[in-house]
Amino acid sequence: MSLANHDQEEFWTNNAGPTWVTYEGPLDAFLAPVLDGVIARAGLQPNQSVLDIGCGTGGSAVQAGRAVGPDGHVLAVDISATMVARARERTAQMPWTQIELADAADSPLKAAHFDYVISRFGVMFFADTQAAFENIGRAMKPGATLSFATWGQIPANPWFTLAAQIAKAELGAPPKTDPDAPGPFALRDLTKTCAMLDRAGFTDIDGSAESMQFTLPGGAADVAALSMHVGPAAGTIKHFDADLPAQARIQATMTDAFGQFDNHAIPAEINFFTARKS
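My numbering applies: residue 910 is where the sequence shown begins, and numbers increase by one.
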């Protein structure tokens, strides 16, 4: 794993990783429309080989493994040792699904091996995205399909923006981050991302921004509770070491804010990309 991506490895192993394991169920449910969209656009078929990039706690690996079946093969990789351990637990009964601690950006993947490459929110964190796409392309068979999803434009994603505003109003502004740096919105620009895929040698490139809605069984209250642990509000709470009364106020305000959306479903803009290996 490259030293350039060491900060991401550290964050996803020791900071975010344990949280994503703890809240695996709500996160999988909340983000299910995105994974379903990636899988549907990939068109996975039985008996084929799949590379799953940024597999997290294993939800995508499980779904891909079911699609290709026991005569297929899934290699799912992530840079978080914490989440890789959990993904291995979830796929223990699927021996054709292999989970590895690796960075798809620069790992020596087997050349011209995979029929499909998929990723739900796993390609926005590369230190060098262009080089990463080139490395991934080398691992794909001619004609193989790439399908991945990223977050779209920041203002169109109130799960981030509302939570950030509410936490900031209560606690103050955390240190600014560069949205173009490795992170959730690094590939929000469809044109730039498609251009990188083109330079990496892909063909039949398509990028589209889709309006979606995210929800949980408990509605706005559940979404607010999850947002206390994952996302920008959680980061601000941790940065300022907010006390329990402040946290309670933030959660109550988020519950009210998210509850203003129809059916307590949070609107989102998700970028879906597909391409083929030439």
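Any given hint could be a false lead.
What the hints assert, rightly or not - List of simulated lysine to aspartate or glutamate pairs, EDC-like, C-alpha gap at most 20 angstroms:
1. Lys1050 - Glu1119
2. Lys1101 - Asp1037
3. Lys1077 - Asp1165
4. Lys1050 - Asp1150
These are calculated hints, taken from the structure and not from any lab test.
In this text the structure is predicted, and so the values were computed from the model without any measurement.
For this session: Any hints from earlier that this structure breaks? Give me their numbers in increasing order, please.
Result: The structure conflicts with hints 1 and 4, although it agrees with all the remaining ones.
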